[in-house]
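Novice: Here the protein sequences come in this chain order: A and B. Counting in my numbering, the first sequence runs from 1 upward without gaps. Counting in my numbering, the second sequence runs from 355 upward without gaps.
It is possible that part of the hints are untrue.
[To be verified] Listed next, the in silico SDA-like pairs over lysine to any residue satisfying Cα-Cα at most 25 Å (straight line):
#1 A:K103 to B:Y478
#2 B:K484 to A:G16
#3 A:K103 to A:G60
#4 A:K73 to B:Y478
#5 A:K109 to B:K522
No lab work stands behind these hints, which were simulated from the structure alone.
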Amino acid sequence: MADPFLSIQNVKKSFGNVAVVKDFNLDVGAGEFVSFLGPSGCGKTTMLRIVAGFEEPSAGKVMIGGKDVTGLKPNQRNIGMVFQAYALFPNLTVAQNIGFGLKVAGMPKAEAQARIAEMLNIIKLPDFGDRYPYQLSGGQQQRIALARALAPKPKLLLLDEPLSALDAKVRISLREEIRSIQKKLGITTIFVTHDQEEALSMSDRIVVMNEGRADQTGTPFEIYNRPSTKFVANFVGTLNVLEGTVSDATTGTVKINAEEIGLKGKLNGSKSGDTLSLALRPEAISLGRRPGNDANLTGQIADVHFLGSVIRVRVGVGQNFVSLDTFNNSSTPPPAVGEKTEISFSSGDVLVLH
Amino acid sequence: MSVQAVTGTSDVTAILPRRGGFAGSLSDLLWRRPGLLLFVMLAPPLLWLGVVYIGSLIALLAQSFFSIDEFSGLISRELTLKTYGDLFQPANLDIIIRTVTMAAMVTLASAVVAFPIAYYAARYARGKWKALFYLGVMLPLWSSYLVKVYAWKLILAKEGILTWLFAKLHLSWLLDSWLSLPVVGGNSLSVSFTGTFIVFVYVWLPFMILPIQAALERVPGNLVEASSDLGASPGQTFRNVLFPLALPGIVAGSIFTFSLTLGDYIIPQIIGTSRLFIGQAVYAQQGTAGNIPLAAAFTVVPIVIMGFYLWGAKRMGAFDAL
Ligand SMILES: Nc1ncnc2c1ncn2[C@@H]1O[C@H](COP(=O)(O)OP(=O)(O)O)[C@@H](O)[C@H]1O
Ligand SMILES: [Mg+2]
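Using the sequences and the accompanying hints, generate a full structural model.
Specialist: Below is the structure:
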């Protein structure tokens with residue numbers, strides 16, 4: 001990135017002798033929405049707290065707007081943070097909560113009032129100024145927390161699993177709301193989540209974290225379709241893995257059970273006799289042969305889940321199982337369990353995991 | 355299921371045979387009427403509070419409206435405000451002002467000393483440090499109050515360790531100039547108001563630390579982080595977040611330190627000047643002087659002051675966060 005707004009360079013963090021963040025690098029452009037996605041305990045919160053200034057990195061530095069902020073205290077960084085547990089001040093009203101950052105910055109009262117009203121409008125709770133946090137639902141509280149973080153016009157917005165304490169419906173609507181507010185204000189944002197759907201649907205780019213490292217950084221499309229490590233492939237989306245053996249490295253032939261498929265140009269450097277894991281997304285596999293699908297395997301229907309518009313079918317292929325999705329069709333009943341079947345896919349969709 | 359059990363007669367009406375005897379029927383009665391059980395359990399403490407405690411308080415209040423006949427020394431049981439007139443004589447008013455001032459200073463100092471200790475215990479102390487904190491705060495409460503006060507008399511005496519320490523640090527001039535001040539000074543710390551003040555603060559400190567610690571314990575750590583993230587300096591975070599949320603604890607603690615100081619008569623007796631505090635005045639009036647009505651009027655003073663104090667604290671919003 002030519003001129004990143006936020007630049008995290010070689011950051012490491014250990015607590016005692018436990019390394020929690022191991023050599024983390026990331027450049028974020030101005031106005032970009034980047035998600036940290038990873039399982040619980042992989043160091044997402046720690047990395048975010050280093051950016052916010054609540055933790056000091058053991059090594060490396062954090063630059064914001066071209067300035068090194070590594071040594072600055074949180075209150076000197078002009079960053080807005082939204083916490084998982086809302087962290088609203090219970091003794092202050094909604095308006096006083098939103099105005100907190102303005103008050104401590106010494107903004108004149110009238111100006112602060114106007115800004116508070118503006119923020120309440122942005123989060124669509126214009127009449128809630130006089131209430132206390134305990135009188136609000138979780139979703140409302142989190143919107144107030146967002147307004148409070150944005151009121152002092154921070155340069156950077158950090159959100160640490162802001163939706164994980166909310167129920168499913170609120171989560172989805174708030175997801176869209178956060179993204180639209182972020183776009184409207186054009187504020188550079190880092191969003192921490194362990195929910196892949198959240199990350200995929202909201203982000204400009206995703207950083208998939210694994211054990212304190214950024215395993216892969218890319219757009220949702222790249223992360224989903226071209227995962228660069230086995231971990232990323234497994235963590236993001238449902239993945240079918242077939243074990244195969246390279247039978248001829250020069251022609252790219254791979255043997256799965258007794259059948260062979262051609263994976264020319266995908267084996268990068270594997271030798272004949274090597275075992276490989278071949279990964280396929282459910283939507284890349286078809287039931288039966290299809291024009292355009294150059295790889296075919298035989299199997300047996302193990303399970304059928306009727307989900308409405310989609311039918312998810314599990315097919316046993318040798319000792320492996322693959323899941324695939326077919327669309328519901330009112331004139332064709334779903335396949336029966338135990339039926340012999342053929343599955344097909346395009347060799348281009350296969351992810352070879354090393 | 356066996357047919358016999360369903361069609362059987364009286365022997366299957368209860369799962370277990372009925373327990374006989376008085377205990378059995380009593381337990382059945384209480385089981386069927388939980389309200390009765392509650393009443394039985396609450397009656398003794400309620401009787402105690404209602405009759406013995408409130409009752410004697412009312413008797414005390416009534417006494418203060420009696421008066422003493424100066425010549426015979428007998429109590430006249432006619433309702434009058436004469437005793438209150440005596441109470442507001444300059445000499446007695448002095449005692450009240452002195453006691454209230456002392457109580458206020460002790461409360462203020464206790465809060466200032468207690469806050470950082472409570473803050474450390476609530477936010478940072480974990481595991482064995484927390485246990486050590488509780489031990490350190492509570493341990494002085496387990497030893498005899500009189501022993502502690504006499505120990506302080508030795509510490510504060512002219513030949514005591516404190517004088518020695520000041521001399522060792524070449525600060526004797528500081529101690530001497532403090533003791534030469536009017537009102538707070540004296541011959542030595544042990545016979546000055548400063549000494550009384552120090553011992554009061556020491557003795558009541560746990561009653562201030564524990565409620566503040568409990569209040570701070572309930573402040574989530576991320577509130578402090580949120581405040582700092584929003585640009586607040588540590589001082590602003592203290593004023594706008596920590597202090598308001600700790601206020602109910604401070605008020606609870608100050609109720610203890612303030613009222614305990616108002617009523618105490620042993621500490622100023624052993625450490626301090628010969629000038630009296632309310633507790634000592636009550637002691638003298640009901641004992642040597644035999645003026646029960648004036649003693650009663652003196653004890654009404656702390657009650658009224660505490661009433662105003664709580665009312666003021668409530669108006670300030672000290673209990674809003676409860
Ligand atoms: N202050 C701390 N002291 C010791 N260990 C910590 C501290 N904060 C986090 N950790 C550890 O660091 C690891 C990563 O934590 P965290 O960054 O919160 O993960 P995530 O947010 O991805 O779930 C966890 O194993 C956690 O126990
Ligand atoms: Mg976390």
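Novice: When the structure is checked against the list of hints, which entries are broken? Sort them ascending.
Specialist: Violated: hints 1, 3 and 5.
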